[in-house]
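Protein chains: 4
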Amino acid sequence: MTVSDVVELEGHIIDSGLMERAFTVVMDLGGEFDIEEFEVGTTKTAESYCRMRVIADDEATLHPILHELHQSGATLASPTDATLTPAPADNVVPDGFYSTTNHPTDVRVDGEWVGVDNIEMDCAVVVEGVERSDDGSVGVPDRADVTAETKVLNGIDAGDLVVTGDAGIRVKPPERPRDSSGPFGFMQGGVSAERPSRSLIRDIAEAIAETKAQGGRVLCVAGPAVIHSGGGPGLARLVREGYVDAISAGNGFAVHDMERSMYGTSLGMDVETMEHPRKGHKHHIYTISEVIRAGGIEAAVEEGLITEGIMYECVTNDRDFVLAGSIRDDGPLPDTITDAVEAQNAIREQAREADLVLMLSTLLHSVAVGNCLSSTTRTVCVDINPATVTQLLDRGSAQAVGMVTDVGTFVPMLAEELLE
Amino acid sequence: MTVSDVVELEGHIIDSGLMERAFTVVMDLGGEFDIEEFEVGTTKTAESYCRMRVIADDEATLHPILHELHQSGATLASPTDATLTPAPADNVVPDGFYSTTNHPTDVRVDGEWVGVDNIEMDCAVVVEGVERSDDGSVGVPDRADVTAETKVLNGIDAGDLVVTGDAGIRVKPPERPRDSSGPFGFMQGGVSAERPSRSLIRDIAEAIAETKAQGGRVLCVAGPAVIHSGGGPGLARLVREGYVDAISAGNGFAVHDMERSMYGTSLGMDVETMEHPRKGHKHHIYTISEVIRAGGIEAAVEEGLITEGIMYECVTNDRDFVLAGSIRDDGPLPDTITDAVEAQNAIREQAREADLVLMLSTLLHSVAVGNCLSSTTRTVCVDINPATVTQLLDRGSAQAVGMVTDVGTFVPMLAEELLE
Amino acid sequence: MTVSDVVELEGHIIDSGLMERAFTVVMDLGGEFDIEEFEVGTTKTAESYCRMRVIADDEATLHPILHELHQSGATLASPTDATLTPAPADNVVPDGFYSTTNHPTDVRVDGEWVGVDNIEMDCAVVVEGVERSDDGSVGVPDRADVTAETKVLNGIDAGDLVVTGDAGIRVKPPERPRDSSGPFGFMQGGVSAERPSRSLIRDIAEAIAETKAQGGRVLCVAGPAVIHSGGGPGLARLVREGYVDAISAGNGFAVHDMERSMYGTSLGMDVETMEHPRKGHKHHIYTISEVIRAGGIEAAVEEGLITEGIMYECVTNDRDFVLAGSIRDDGPLPDTITDAVEAQNAIREQAREADLVLMLSTLLHSVAVGNCLSSTTRTVCVDINPATVTQLLDRGSAQAVGMVTDVGTFVPMLAEELLE
Amino acid sequence: MTVSDVVELEGHIIDSGLMERAFTVVMDLGGEFDIEEFEVGTTKTAESYCRMRVIADDEATLHPILHELHQSGATLASPTDATLTPAPADNVVPDGFYSTTNHPTDVRVDGEWVGVDNIEMDCAVVVEGVERSDDGSVGVPDRADVTAETKVLNGIDAGDLVVTGDAGIRVKPPERPRDSSGPFGFMQGGVSAERPSRSLIRDIAEAIAETKAQGGRVLCVAGPAVIHSGGGPGLARLVREGYVDAISAGNGFAVHDMERSMYGTSLGMDVETMEHPRKGHKHHIYTISEVIRAGGIEAAVEEGLITEGIMYECVTNDRDFVLAGSIRDDGPLPDTITDAVEAQNAIREQAREADLVLMLSTLLHSVAVGNCLSSTTRTVCVDINPATVTQLLDRGSAQAVGMVTDVGTFVPMLAEELLE
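Keeping their order, the protein sequence lines are chains A, B, C and D.
Heads up: the first sequence begins at 1 in my numbering, then just goes up one per residue.
Heads up: the second sequence begins at 1 in my numbering, then just goes up one per residue.
Heads up: the third sequence begins at 1 in my numbering, then just goes up one per residue.
Heads up: the fourth sequence begins at 1 in my numbering, then just goes up one per residue.
Simulated from the structure, these hints should not be mistaken for lab results.
Heads up, none of these hints are tricks.
Which copy is meant is left open, so a pair is good if it fits within one copy or across any two.
Calculated cross-link-like contacts (lysine to any residue; reagent style SDA-like; alpha-carbon spacing at most 25 Å): (1) 44 to 75; (2) 151 to 284; (3) 44 to 60; (4) 44 to 10.
Please take these sequences and the hints and turn them into a complete structure.
Here it is in structure tokens:
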């Protein structure tokens, strides 16, 4: 006695790797398959179709196979509605809740597919605009009111109707572009260890310029190394000229940036810094103290305390910034959001609005932003540590490129490409 | 016309590097010196004494030299009282505030030296038990009531009497032990890349055992890699048997640990994990969700949800733990302190009570703990990334040792050394 | 006007990734395809077949596409004989020579497929046993005498018949095993950063034990860090007990190993080493000097100079070792092959005989050995630097696993697993 | 009963760290000291003097202390002549041979100090121009003929008079410059992780320019990553314009450089390279094959095969280059020195002639060159891997600076600084 179910795969399922992944999943998880139909797209633009029966010895084997196939983009041949189960309590998911990927996703409600808003990884899907009877059946008073969106655990309220099980869900991982030319072509390349650095910086500049030309929004996630390594002035120019629309950073980043403005940087001072690494840390504390006294970053800019740098450009050009607190912070600044959940929510909003995210030398903040991104958002990750770049690219963005380089040379070169 | 001042250096000032550092500081910062008296300890145990006049062209040159000499352990030959200035507002330091090192420090109040409590780097020093007139003079109603302690910026209240300037302060960097044998001898070794791993683990075990034998307290700062790499059971045993008194970690660490307890780990599952890295992330969310439902970690242990692992051992053996939140967290757990300032305060208390700190595979939490440590606290830092180990050891602890190794092999070997 | 050619793909072409790769190659290199026939294996064990016409605007576009398809495992639908062109001079390849992959390969000579012996990456293929007329036609006096084998550039003699162009060649990249269980199942896992270290060591031990049980040969490529980190005694035991059949290393490895035997290691001495890194380097030179005086490693063992360690076990148990010289070497030892070409040839022989290669903490020697390996040889690569592991695994072995760990804890744990 | 001996320290012994090191050595190695005289230089330029009796329980304890003090720059108070012992055989050192540091060194022969030529680490010192009787006494026929020089093990001939023991040797570690300003001031800085990258590149450019202005010689040690990352054209310009006088590299570096010249680099091609890392490896083999056919690099340039790049500039501008072979090499080129000992000798000559060495992205070649350098040669080490930079700087050069950056951005920026 075996159990089985039928799944379908559609699209450019061969060159996107979906077919390979489907076969692999079945075999690795101990199942068998029987290809019931396979129509291969005979030309480059034609789509393919595959209907495959998945067979396993028992439900316990079959279920995880179907789950993985799902997450990869396969759909059940005979879809049923998604099961909706009320959350038993605030911040608690019902048993068997469906945990999202970062790919565009639909859920089936009352026979129709509804797109899930604000797709983000590892969330629950909550459906609104439906009525659920005690027997689990779902009614739809007004089709137009039905919506589905992702919710993180701390956003779930008792009674929220959460999608459970794997039925009635379809996931659409982004496909490989048909054409690898154009400025975004390079974006499929993963970590580019052996590529000429300057050419790659030129490509990234082109991607940013194109995003802006199309009215898109560029979010820059930046770590304090941007300032230490001398990337501050370049990034400030990019903010001023509108190539960077928003900054997502931490308390330290902002303090270092404003300290540069408040206490200057002569070469002599740099030399001292090199020789006495602890030196000038007092400036760091002073900077925070003065900004607190002024009443925050905007006030400090307005009273003329801060006269240049990234935070200055953000304030004077009205660019959005989020400073998320961490347990390493001195101070912190009044602008720093010290509560992690509140900070995540602010980051989530930045991430959702971004069309291209430039991650510069910060693992902590880049992971936090990356967690909130859909797989369709373009991402550029720059770090001198290859392990950081690899970790960030592994999160499954379809259009992500990594560059292992020195942010202190990267930022000025990028600014030159875009501004000169 | 030149300006000058006289400083004194006392103790094992040659082999501790203090003399070298003093000479270097004067020369690098553009001064001259004139050795007025130098008595060298003629034997290993005899102390040395040096009185040196520091000469510079102007006050602007002299001042930073004196400041650096101070921070290194030199004292003014003719000490005056510390200057006390009221903080102008909450969280704001007065101009010229003295920023602490992590070395034992005294401040001179009304002619007598007062030890600074809870010494920690980059803090202000606040003196209590004195009365300050408007002319800045300080009165001492009752000598016994005079205390001094460090305060971070967010702990400062308007009106707090903060030490400003460099006068009336003396810093005592720890000296090199006279004898490098014994279990702690190795503790001076810095990063040990070329040392036999097993011997070094044995030395670390001995240091922990000795700390416990002397009634000391061991704090373990641990990252999620401890769990991923298989170090969980070993660390749980060390907690149970009392070799680790407290855990300082993040939300993810606790969740991974409890997920292991709640969902088990067969070899088959591990293989799957390896092949499908996103797999099982649902378990991660479930774990949090269930612990929230139970009402927290202690409640989850009590209701039998969690039956083994590090958090389990902490609860059942009444070991202190702090889970500090970060913007990467899922959930978070009810026990996680999401506010960064509040979390820092909890970490600060752990750090102050610790006699030996074992930092395992976490840069974020280790830096946070390290920031709160005196230079006299023994620290062992273990990470597979040499840059992390170097960064943590650079913070100036006098008795710190780093080991670049795999925490997944380190923890079981350490547990074997201590427990078998 | 377009040009086209027809290629065939056969086998488990979907889950091996061959189909995906074929589609990708055509699209990335600017071609189109037309699937003329596609029979998908409808069950896990059934093979698939695809005949695809590749279309391009001109020969200059078509040719690289066909070349890449070839290298990936596609074959021309209407194969012709391989073109054989005489090498114009010693160490010089004819124009258009075919450069090998590391996958099993056949060339077609006089209508029949001949396997290429000693397959190795980036080589030329030389055919013997044929007669070539001036018009390029090839005659086969005796079928049984026809052989083909790889030759590196410095092995090519003027007049050697070298395969040129892409015709008449078929490449068979290894397929994914149908079954991922068993000791070698894990071998598909790539770099295992998040896997429990001890479990992975257990799997590697099992793979070595199984290789030996099947009469296979284990080659260990080892760097000096094996000795520094304390892995020497463990590796020596593995050599003695026959779990390691051959050692491929450098001059420094052997010297460090023998220095340990000649000058002993007390704990006191290790501590000194840690404090004075240059200390004992004289022992290093002495060791070499004494072995030179004795007449080589074997002689030094025989005269009782060397009484333990890896080299000792190699000599007394008659295990093969190759010491390849490098420009960093002190000495060198009389046994060290200082000529790079000669050393490569010795390494090549070791590599060809190996069934499992264990690479421990050496990039230079591992790359040299890896260059000579067929894609079907099992490889385990262990290093504390993730970049090294990634670079070694990228070379395209089908059964390669990497582990980022401390070789100083890895070797003793591996020895315990195998010997206790 | 104790044993003792008297050593003297002279110069800027405090700020050079010599006093500290001397005290530390005595204490760590189990001795006692008695300071018999100590005159401290009372001003910045005045030298200090210390006479110290070192006391130990037995000769076995005393000897290593004296040895270490020696190596650090202490001299015996009552110097005797160096002991000279004939080498027992070719490539074999006599018992107790003195192993050199990389600091300037003198040996005492017949009552007078003779400078050791070609100082290099871990060598023996061979004295010529003296006659040795069987009783070990040494006669000097003509004072003017007495010379001493370092010899590596493979340069020692039977009968060479080798310095043994520690007597009659004085080592002069370079002192800290009295003044840290000027272009070379930064050269004391070690690894500069937190320094603005562009400022540091400017400093390095200035150091190169000053070296050239003073008639010095710049040696560039370069790895293949210089070419991959796009640094080739910049380095070629530096060679052409005379800022780099010599290149020390490997076979792969030269091949990659010439391949760029022979097969061009369009953007399209780069993109392909990124997508298909093995692609174009055939070009690599072709390049070697063609250069072999031409008869070598110079011939290939002359016949117009190579028309640009670093090797081209070396040939046409008559810059010295050494290509040292390794076991990873393809080919190799006819110019590559495949024998490691021969290659070391060629590298040794380059190193001795260099006044500033720029090490770019190669650990193997940088270590080989670094092994041959005196501690007084300025060294700049650039690599993206911090562990590589640290390892290279640890070799004890007095004027070494490291920069952790991307060589693909470093080289163009350096060329711009020097040439524009």
